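Note that the protein sequences, when read in sequence, are chains A and B.
Here my numbering is used: the first residue of the first sequence is 1, the next is one more, and so on.
Here my numbering is used: the first residue of the second sequence is 1, the next is one more, and so on.
There's no promise every hint is true.
Quick list of simulated restraints, FRET-style, between CB atoms [to be verified]:
1. Leu735/B x Leu15/A: 19 to 27 Å
2. Ala163/A x Asp381/B: 34 to 42 Å
3. Val38/B x Ser485/A: 54 to 62 Å
4. Ala209/A x Leu558/B: 26 to 34 Å
5. Arg384/B x Asp177/A: 38 to 46 Å
6. Asp155/B x Ser485/A: 32 to 40 Å
7. Gln378/B x Gly133/A: 50 to 58 Å
8. Arg594/B x Gly133/A: 31 to 39 Å
9. Thr218/B x Leu15/A: 24 to 32 Å
10. Asp177/A x Asp366/B: 28 to 36 Å
11. Leu558/B x Gly318/A: 33 to 41 Å
Keep in mind that the hints were calculated from the coordinates and are not lab data.
All values reported here derive from a predicted model rather than from experimental measurement.
Every residue gets a Cβ at the ideal spot worked out from N, C-alpha and C, and that includes glycine.
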Amino acid sequence: MSQRITSASQYGHALFDIGGSFSRLAHAQNRLSSTRRLSAVSDSPGDAARVLDLHVAAQRLTQLRNSVKSAREIADSQASLLQNASELLSQARSRALEATNGATSATDLKAIATDLDGMLDQLLAIANDHTDGRFTFAGSRVDSAPFRFTADAAGDATHITYAGDDVHRSVRFGRDDVRAVDLSGAEAFFRFERGPTVVTGNTGLASVANAADTMVGDARIVVAHTSTTWGNGLIFPPVGAGDSISGLLPALTSGSDTIVGSRRIVVTSNVPGPGGTLAFEGGASTPFTGSESDLVLDDGNGGILHVDVRSLTAGFNGTVTVVGSGTVAADGGAAQAITFAADQTITAKDGRVVHLDTRNVRLAGESLAVFPGTQSVFDELVALRDDIRGAAGFGSVGLAERVQSRVAGLVSSQDGILVAAGELGARSGAFQRADEALELNSITIEDNRGRLEDVDVAATTIEMTRAETAYQAALAVAARIGRTSLLDYI
Amino acid sequence: MNLGFVAGLRALMASRRVLDVIGHNLANQNTPGYSRQVALLGATAPTNGPGNSVLGTGVEVLGVNAFVNEALLGRIRDQSELDGRFTAEAALFADIEAAAADLGEGSLSKRLQAFFDGASEAGSAPEDTTRRGALVSTAKDLIATLHQRRADLLDQRDAAISQARQDVEAVNPLLSAIAELNARIKNLTALGQPSNDLHDQRDELAKEAARLIGATATPLQDGTLQVTAGNVTLVNGALANRLVSKLDIHDGLKVTIAKGNKAIEPSNGELGGLLGIARDFIPARVADLDRLANRLILETNRVHSTGIPATGSFTQLLGTNAFARRGNLDTSTIALADAGLPFDLKAGKVKFAVTDVATGDIRHYDITIDPRTTSAAQVVDRIRQIPGLTASFEGGRLRIDAFSGYRFDFSRRIDGDPVEGGTFGDSHAVAIGSKSFPLALTNGSSLTVAVNGGAPQTVTFNSGSFADISNATAAEVAAVFNAQVTGASASVVDGRLVIRGNTEGATSSLTINDGPGSPVVALGLPAGTVGGSDAAVAVRTRGIGADGVDHVYTFEPLSDGKIGVTPDLKVAVKDENGELVATLDVGAGYEPGRDIEFAPGLNVSFGAGSISSGANQRFDLEVPGETDTADFLPAFGLNSFFVGTDARNIDVDPTLSANPNRVAGGLFGGAGDGANFDRLAQLADKALDGLDDSTAGAFANGIAGAIGNASAGAKTALDTVATSLLALEDSRQALSGVNQDEELVDLQRFQQMYQAAAKYLSVLNAVDQQLFTVLP
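Build the full structure now, drawing on both the sequences and the hints.
Written as structure tokens, this is what we have:
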């Protein structure tokens, strides 16, 4: 200010100062009442740019947290459904094992089969869960039930197929961080982990350890007797038709023999004749008179040999070897001659194979090969139901064996479901941790935003007080301008 | 009159005159622009006294001067120009900022992010129509914000222009008044009369003119003030040019002098500030908004157009963008680059994915486009050549229709069941030629075919069955075969001849033997017997190629055997150049049906069954890369999300608004497929072409920042100028201002002078009276 002061300049300064201090006071009041340090970009363009970025970041985090929460709900929902499925399978296993009790009546078996059928329906209902307008386990084909079944004449499911796809819902955590949220129906219920093949039945077929079987589900293995070859006395291997030493001959009905593989027949002639007994080595004796053209020897395990004893050498005592030849076929595939090998590959009609140990094949008949972990839990349950219901009609395979092998398959499927549930649980946990991390991020962002955008109440209160004081001072000064002048003294 | 009376009278008159000046000063002490005046006193010329003495004759007022510093006034006028400019700018920027640079919930970047978040949200439950609807709503919110921002900016531009016109109207009386004062001052100066008050008035008017329109004032020798704006003289002497304003489509407002139409382009003053904002700043921000909207439309549509809606692939699509109409010119026949489409096309291709609904087969067809040479009519012709599709124009817009049994889209999905015509692991007996067509056959050449062990049937190739037997096509060969053989049929698959028995199973067979002319060798058919099998190998493929490049992968068995059974059974995968991409082990140890990744992002699985290299088995898998490298889809507005071209006309495609399930959120076609929603959401992080390599959100923040910075800059500049003006006014007041105390002191001083003079005269009078009393 110049040394020569005029009242006009004093009033000018007063106005300037009043305006400035009032502006600062109003600004401080606005900030305090709105609790915002920045009310416009021009308040601090640099800070405002950062605030705008933080607003967007906070919004993205909010959306991301919503997505993560939604993802977690989906994973939890699927895991819960799979837990329900697992519990249902445990019930099914327990109920099925009741059928292995030899004392279970036909009525009880029927009831068990009916229960299992109901459980199958429940399992299907779980797999076709429809929540919030979508089928939970359908992949991306959420508008139609993913698991469909073909039914028999009675309307019972016989085979379940998956009509969904393997497209996942996903949640994006960052530019290159996309995580799958859910499991498709195939991943949840068709989770195959092939276990050791189980062969049951009394044909003598056995599975081969660690073989690369490719058949799935179960296979009906048919062992057929094709011919019986008689040896000469103790000579082995057999060399001709009929035994030239003992005089035993195959009966005309020997085509109905069921023995497969090498057997020894112990001949004991009465002294003096005629007649005597015939017996499979180690088996029960069958008496004969010497006139029988078709004597049936039964080893008590289903092994049948038709013998013509009319030419038996009088007084012959000894052992005669017979060898049953046969074929083996699986699931409608071509019958293959049994090679009595440690690892014989049998091919089904669809080209899939099973490796069988045929060294100890003893009987014609049917065995059941079960391939645990190769078919869906639904098909396992269908097979179990059908076995208990007796629909499958495996002649030589006992119900208990069948059920136990099926249950083994069911256990494998249940394991798969539990693994799937575990995966979902792990995802849910990861989502929870991610949500917690996002929450921390949100807090940090909110903190940073608040520091930039929100008012520091204490500091602004002091600032406002100072502005108010300055304003009052400016007013007071303005009021005193010209109060004292020469006029007071003239 | 004696000399004493004269001196006393002069003292009385001088002091009275000084008191008048003091009164004038006191009266104008608060008059804006007033410069204090001072009466200059001087002794009157002396006279000769007795002898050689010289006698004083009193005092007189030599003149009345004003305290004025012209340079200071010039600086004040300069600062007034800036004060006017920054005052106008600060006020207008504050309004613009309030309307278009929201810092809170209404910020454009938040609306953009809400849109991208909406896409992400929809992707988390693609089947949820509500979330799809919410995405459309967020898009409409964004659009409303863009529209509002644009309209607000243009409103502010109108307000600035309106204010500028008022300033022009307001400055004309000032200019006239300055001219009039110039004339009066000039006359008074010529008469030697003072014109201090007129100068003050003129200076104040000039300052106001500077504040309003940034006019510059220059004092001239003749006492007049010349007022100019740029190189246009507004006031010259007693003449003032009237300013007129006229709305202008380019400049918003054109300000000229009424006579001569000479335009002034002020950079300062209110007018300069307002015109700067109206002409440059606001149009630049509007252009930014338009650019943002334009890139958003293009980028969103680029992504959206290659997706698949929840309603599935299309049976019909009508573009939203029409050719520009140019009188009678048929723009459909000129190069696309000149057809007036709202978005530029590039040299490239667009790939149509056509689905045969009955078989589920997907085939891809490319249309190559060079916008400098390709016309829309040619595009239509090329689309019509795609099996299952036709195209036409409807009101200048491209319309594509699928024939019954076909659907189409522009996605990158692959055929999930790629084996056609039994060319790989079929249950029928199949013989496949290894040669490419066209090829040369000999007239009269023949081969024999025995079906399922039946009698050999002879197939003779006569030249009459071919347009040119030396360049026989696969279709011609197949036709000849089918005309002569029963129990088997020939077809063309992937350009090769495929002969397939009509029955299936392990017992089915085809025995092909060569005859005269060796056509079997020429066709590359396997000579001898090929058998069928009880079950076909189910081949399934899925995924999307990660490299974004078109590929045709060929899968060929390297030996004969059973999937999952035969040791070392392998399938070779080669790309379109014949380069080996992968060798897949599908023999013993492979679990039929398991996925194998053969290329990044792509999987294949093989079901149980037999495959054979000896029978030339193989299948091709088309893997599309980017499906629209020409920007064909956004240019024509096909399967668009947004319509429009800028912030003024951007909108959501009405078909999506009406049915959110038409939002193409998928890439594979399932109702719960949200892969394309994810791509849309990713746009939030993508630096966009045309937005200075910024993301859309950052660019939007940049617009707000530009407004905020301009506003803050104007406020800061205004504060600086105000402070500067205050300091200059202080200086002016120090020199020219009226100090009441000074004036009162002078008042007292000259009052006493007056009293002293009166007393002096009274004494003289008394002396004279005394003298009269002594006279007789």
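Requested in this report: Starting from the hint 26 to 34 Å, judge whether the C-beta atoms of alanine 209/A and leucine 558/B obey it.
Outcome: 30 Å, holds
Query raised in the report: Does 31 to 39 Å hold as the CB distance between arginine 594/B and glycine 133/A, or does it fail?
Result: 33 Å, holds
Query raised in the report: Could one say that the CB atoms of alanine 163/A and aspartate 381/B fall in the range 34 to 42 Å?
Result: Roughly 40 Å apart at Cβ, these two residues keep to the hinted range, so it holds.
**Report entry** Consistency of beta-carbon spacing, glycine 133/A to glutamine 378/B, with hint 50 to 58 Å
**Finding:** 45 Å, violated
Query raised in the report: CB of leucine 558/B to CB of glycine 318/A, is that within 33 to 41 Å?
Result: Since leucine 558/B and glycine 318/A have Cβ atoms about 59 Å apart, the given range 33 to 41 Å is violated.
Query raised in the report: Is 24 to 32 Å a correct range for the gap between the Cβ atoms of threonine 218/B and leucine 15/A?
Result: Holds - the Cβ-Cβ distance for threonine 218/B and leucine 15/A, about 31 Å, lies within 24 to 32 Å.
Query raised in the report: Within 28 to 36 Å or not, the Cβ separation of aspartate 177/A and aspartate 366/B?
Result: 34 Å, holds
**Report entry** Range agreement (Cβ of leucine 15/A with Cβ of leucine 735/B, hint 19 to 27 Å)
**Finding:** At roughly 20 Å between Cβ atoms, leucine 15/A and leucine 735/B fall inside 19 to 27 Å, so the hint holds.
Query raised in the report: Can the suggested window of 38 to 46 Å be confirmed for the beta-carbon pair arginine 384/B and aspartate 177/A?
Result: 45 Å, holds
Query raised in the report: valine 38/B and serine 485/A, beta-carbon distance inside 54 to 62 Å?
Result: Roughly 20 Å apart at Cβ, these two residues miss the hinted range, so it is violated.
Query raised in the report: Honestly, do aspartate 155/B and serine 485/A meet the 32 to 40 Å range at C-beta?
Result: Because 52 Å falls outside the window, the suggested range is violated.
When the structure is compared with the earlier hints, violations turn up for hints 3, 6, 7, 11 and for no others.
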